[in-house]
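Engineer: Same order as they appear, the protein sequences are chains U and H.
The first sequence lines up with residues 43 to 400 when you count with the numbering used here.
The second sequence lines up with residues 43 to 400 when you count with the numbering used here.
Just so you know, not all the hints are guaranteed correct.
Repeated chains share a single entry, so a pair holds when one copy, or any two copies, can fit it.
To be verified - Simulated pairs of lysine-lysine, BS3-like, Cα-Cα distance not exceeding 27 Å:
no.	residue 1	residue 2
1	K127	K374
2	K315	K136
3	K233	K161
4	K81	K91
5	K81	K315
6	K211	K91
7	K397	K136
8	K129	K358
9	K211	K127
10	K127	K267
11	K366	K136
12	K118	K180
13	K341	K286
14	K229	K366
15	K129	K118
16	K341	K315
17	K220	K341
18	K220	K267
19	K180	K81
20	K118	K91
21	K136	K180
22	K358	K127
23	K267	K341
Just so you know, these hints were derived from the structure itself, not from any lab.
2 protein chains.
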Amino acid sequence: MAPGRTNFSSHEFPMASGASPFSYRTNSAYQRRVVRATKQLMHAVVMEKLQVENGSIFQITDMGCSIGPNTFISVKNIVESVELKFKLMNTQEKHIQVLFNDHAYNDFNTLFASLPSDKSYYAHAAIGSFYDRVFPDKSIHIVNCSYGLHFLSRVPNNVENRESVAWNKGKVYYSHSKEEVISEYSKQYEKDMECFLNARAQEVVPGGLVFITVPARPNGTPHSKVIYNMLADILGSCFLHLVKQGDIEEEEVDSFNIPVYITSPIEVEEAIKRNGSFSIEKLEILSKETSPINGLTAKDASVHIRAITEGLIEEKFGTKILDKLFQLHEQKLEDAYLDLISGEAISLFIALKRKTNL
Amino acid sequence: MAPGRTNFSSHEFPMASGASPFSYRTNSAYQRRVVRATKQLMHAVVMEKLQVENGSIFQITDMGCSIGPNTFISVKNIVESVELKFKLMNTQEKHIQVLFNDHAYNDFNTLFASLPSDKSYYAHAAIGSFYDRVFPDKSIHIVNCSYGLHFLSRVPNNVENRESVAWNKGKVYYSHSKEEVISEYSKQYEKDMECFLNARAQEVVPGGLVFITVPARPNGTPHSKVIYNMLADILGSCFLHLVKQGDIEEEEVDSFNIPVYITSPIEVEEAIKRNGSFSIEKLEILSKETSPINGLTAKDASVHIRAITEGLIEEKFGTKILDKLFQLHEQKLEDAYLDLISGEAISLFIALKRKTNL
């Protein structure tokens, strides 16, 4: 009955808050493009698949909402579709409540300060990791999770353990690492997806929907050829550069790993089928024009990666290396630009429906 | 259906945030004593009066929660009573959701960072002024509003209007002012209470409870003999002092008023009866040992008033006068201490039940 203690591990991702020049807020243009691309898809699923039950309250949650503005765009798109559906179905009057979810250390102050003034819903925040229970049983009608599920709940087991064959020595990420490291990352992703799906299976009403958008790796493409991973690998080489210059210790790098995993369509599908509580209503690969470096300069791309990783790096290394690290990163991205644009990058949109016969 | 636009007027009270040495957080010891004093009262009302209906979700809101820790104490007290009631009544399993409410400019980051780790409820935040609608129809089971309803929604009409007989020239508060000023304050309080009760009447389920705790003036005591008011009046004299010293302009003081009103038992009772949607289950005057200056030094009392008014003063006068103003305030409180302890101060606890036959 009780949601129990939520452990906020040090491996959660506090996005750079609104005040920082490198903030997530100003550097989430790429995710915004993806959000727009998913608008039509979500609309179609709501119109065709959403089962509207009795009851006067309709609850939508955006999980891993961060600080806006993307969450407001996603939510607006969903609310508009839902309102249209209610109108066409001539349902009883319903109150729409939107629950903006993120962990307790998210900058909710910035989020709330920019709530749209013309919103047609009750705005709430729900605190907690989406890998845990956040809501009561059968209380949510639509879940949206956009660009959240590539963040693992923690650094995978053993990759920071010097005694393990999966020790990720000299690296901060898995995609250029040995098979054992990749395997630990992929196992952690499987566990996390099961936690996410299992929690949502209890929270979502039968017939309710879950929308997931994630950056992804095309089936069959090596991890090292995925643009997101290439950006992170280049960041890893910058850490080694700082070790050589004596700015940080090698041991510090050996015990630092970025808990992000880029999944593939087949892995997502397997996770959903393994869980068994949801039917897959749509699984679409978003076109390559949403590639994360499309139209971006090296500086833009570096700023983007900084927005995502800054909190983690700061926690481990303090603030002193940040500027130097990302100057180096920008420079190396510049040099690697031709390589980078030959890499692969897709985003996946998945629409799930909570099975009713369970 | 839509909650519509919430206007966050400049007259809302952004409590000094967690970072300030004069923060509400560290200076709310007095309210904490009141919160403790109300524990038994709330427990008795929950056990005797709460009507528990079917449904698996039980929603409690703390309105005007500020940044803690008092809200966590109030909520814990209510949740424990409710859980005991469920147990004794052998109800179906229920999920308790707590909705921490305050306006969008409250420091929710500080609140969320200190959420109790052992809480047995789902923690959400609900954004908006409690003088407006914040929740869907019939969705809330228990409302708590502790030390919130003495803050008016705005500065009363005409008290800043030079053409009006109610112009509050040379003062920043009503309790030592002419009858016309007092009347405008009291009318604004009536309007605000009606807004609060009307919104809650729609949101609370029939049989649900509303707990209100407010600082108050004993029936028949003049406004100028109430300790809370005396503290504010002394602050007013400090503004005039700064005018004489040339630190601020007289016109600035003439157009600044503190939107706080200290009600009396009879006024609260009238407001509730006028509204008509709630029965009064309890109306208790809390004993004088909860007096706001009991056990406080002049410095403590001044810091307390600063925590409440700092945001408003800063908005009008900037930060530059704050330290000087409150140094003066502390000194004048010291001088007036014998007067002050002869003043009156009570707190009121009111338990309402949403009528079922409407």
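Engineer: A separate judgement is required for each hint: does it hold in the structure or not?
Structural biologist: To see whether the hints hold, each was checked on the structure:
no.	hint	verdict
1	K127 / K374	neither (49 Å within a copy, 64 Å between copies)
2	K315 / K136	neither (33 Å within a copy, 30 Å between copies)
3	K233 / K161	between (36 Å within a copy, 26 Å between copies)
4	K81 / K91	within (15 Å within a copy, 48 Å between copies)
5	K81 / K315	within (25 Å within a copy, 49 Å between copies)
6	K211 / K91	neither (48 Å within a copy, 64 Å between copies)
7	K397 / K136	both (23 Å within a copy, 23 Å between copies)
8	K129 / K358	neither (52 Å within a copy, 47 Å between copies)
9	K211 / K127	neither (53 Å within a copy, 56 Å between copies)
10	K127 / K267	neither (42 Å within a copy, 59 Å between copies)
11	K366 / K136	neither (53 Å within a copy, 53 Å between copies)
12	K118 / K180	both (23 Å within a copy, 25 Å between copies)
13	K341 / K286	within (24 Å within a copy, 56 Å between copies)
14	K229 / K366	neither (33 Å within a copy, 61 Å between copies)
15	K129 / K118	within (16 Å within a copy, 41 Å between copies)
16	K341 / K315	neither (40 Å within a copy, 64 Å between copies)
17	K220 / K341	neither (30 Å within a copy, 64 Å between copies)
18	K220 / K267	within (15 Å within a copy, 78 Å between copies)
19	K180 / K81	within (25 Å within a copy, 32 Å between copies)
20	K118 / K91	within (19 Å within a copy, 41 Å between copies)
21	K136 / K180	both (17 Å within a copy, 12 Å between copies)
22	K358 / K127	neither (48 Å within a copy, 47 Å between copies)
23	K267 / K341	within (21 Å within a copy, 65 Å between copies)
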